[in-house]
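Protein chains in written order, with my numbering: chain A, 1 to 114; chain B, 1 to 114.
Bear in mind the hints are in silico, worked out from the structure with no lab data behind them. Please read all numbers here as calculations on a predicted model, not as lab measurements. Where a beta carbon is used, it is the ideal one built from N, C-alpha and C, also for glycine. Be aware that a few hints might be false.
To be verified - Restraint ranges, calculated between C-beta atoms of paired labels, are given here:
{"hint": "1", "chain 1": "A", "residue 1": "Asn57", "chain 2": "B", "residue 2": "Leu46", "range": "37 to 47 Å"}
{"hint": "2", "chain 1": "A", "residue 1": "Ser97", "chain 2": "B", "residue 2": "Thr69", "range": "26 to 36 Å"}
{"hint": "3", "chain 1": "A", "residue 1": "Thr59", "chain 2": "B", "residue 2": "Thr10", "range": "27 to 37 Å"}
{"hint": "4", "chain 1": "A", "residue 1": "His77", "chain 2": "B", "residue 2": "Pro114", "range": "26 to 36 Å"}
{"hint": "5", "chain 1": "A", "residue 1": "Tyr10", "chain 2": "B", "residue 2": "Thr10", "range": "23 to 33 Å"}
{"hint": "6", "chain 1": "B", "residue 1": "Leu40", "chain 2": "A", "residue 2": "Pro8", "range": "41 to 51 Å"}
{"hint": "7", "chain 1": "A", "residue 1": "Arg110", "chain 2": "B", "residue 2": "Ser12", "range": "45 to 55 Å"}
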Amino acid sequence: DTAVSQTPKYLVTQMGNDKSIKCEQNLGHDTMYWYKQDSKKFLKIMFSYNNKELIINETVPNRFSPKSPDKAHLNLHINSLELGDSAVYFCASTEGSGRANEQFFGPGTRLTVL
Amino acid sequence: GENVEQHPSTLSVQEGDSAVIKCTYSDSASNYFPWYKQELGKRPQLIIDIRSNVGEKKDQRIAVTLNKTAKHFSLHITETQPEDSAVYFCAASKSNFGNEKLTFGTGTRLTIIP
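Full structure from sequences and hints, please.
What follows is the structure in structure tokens.
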């Protein structure tokens with residue numbers, strides 16, 4: 001009965017590779033997000049989707065491409081990985097009803113680029 | 001856009017004492033202020049939140065106060081226990097028709113000394 005799940009939990013890869021992270025929520029929420037948490041623990045929003053539509057794109061390099069096949073899933077594909085992409089990536093979801101509410105976070109994906 | 005500042009960045013208190021973390025925000029339209037706790041290697045989880053129509057909210061040992069005029073809000077933890085050790089994040093958001101975005105503070109690493 002996990003609310004927000006992500007796969008994989010750990011991802012170790014070489015520079016220049018392409019990788020994907022998947023996220024699913026079973027809360028019936030309309031809005032989903034990707035956050036990046038760097039080594040200093042700063043949590044920064046990358047993208048948000050509301051009902052499969054891209055709403056927020058926070059000046060993220062276009063090597064990062066989110067995809068939402070339906071409102072319960074939000075995947076993140078990263079091309080040509082760089083050392084600076086190493087971080088923990090969190091997916092989150094919220095009701096998206098128009099009123100700011102609690103965001104529920106997934107367990108995170110620790111990406112290490114060598 | 002919204003800017004949230006958080007102080008202190010680290011805080012050590014004796015077990016049983018109180019801890020206070022302070023945040024300021026810049027966007028007067030922000031109306032939702034959650035606090036998240038992140039234990040080592042885990043996901044951020046909501047511990048308490050407050051909306052702009054309320055000045056104070058309490059949940060057992062945790063309380064949050066909001067001063068809209070000064071644009072600052074604070075987290076108070078009383079009778080601290082070792083399990084309170086974690087990184088705490090404040091955040092601010094405003095209702096925006098599915099475009100809600102949480103802007104996080106930079107985090108406070110709280111250590112409870114037994």
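So which hints don't hold here, by number, going up? 1, 4, 6 and 7
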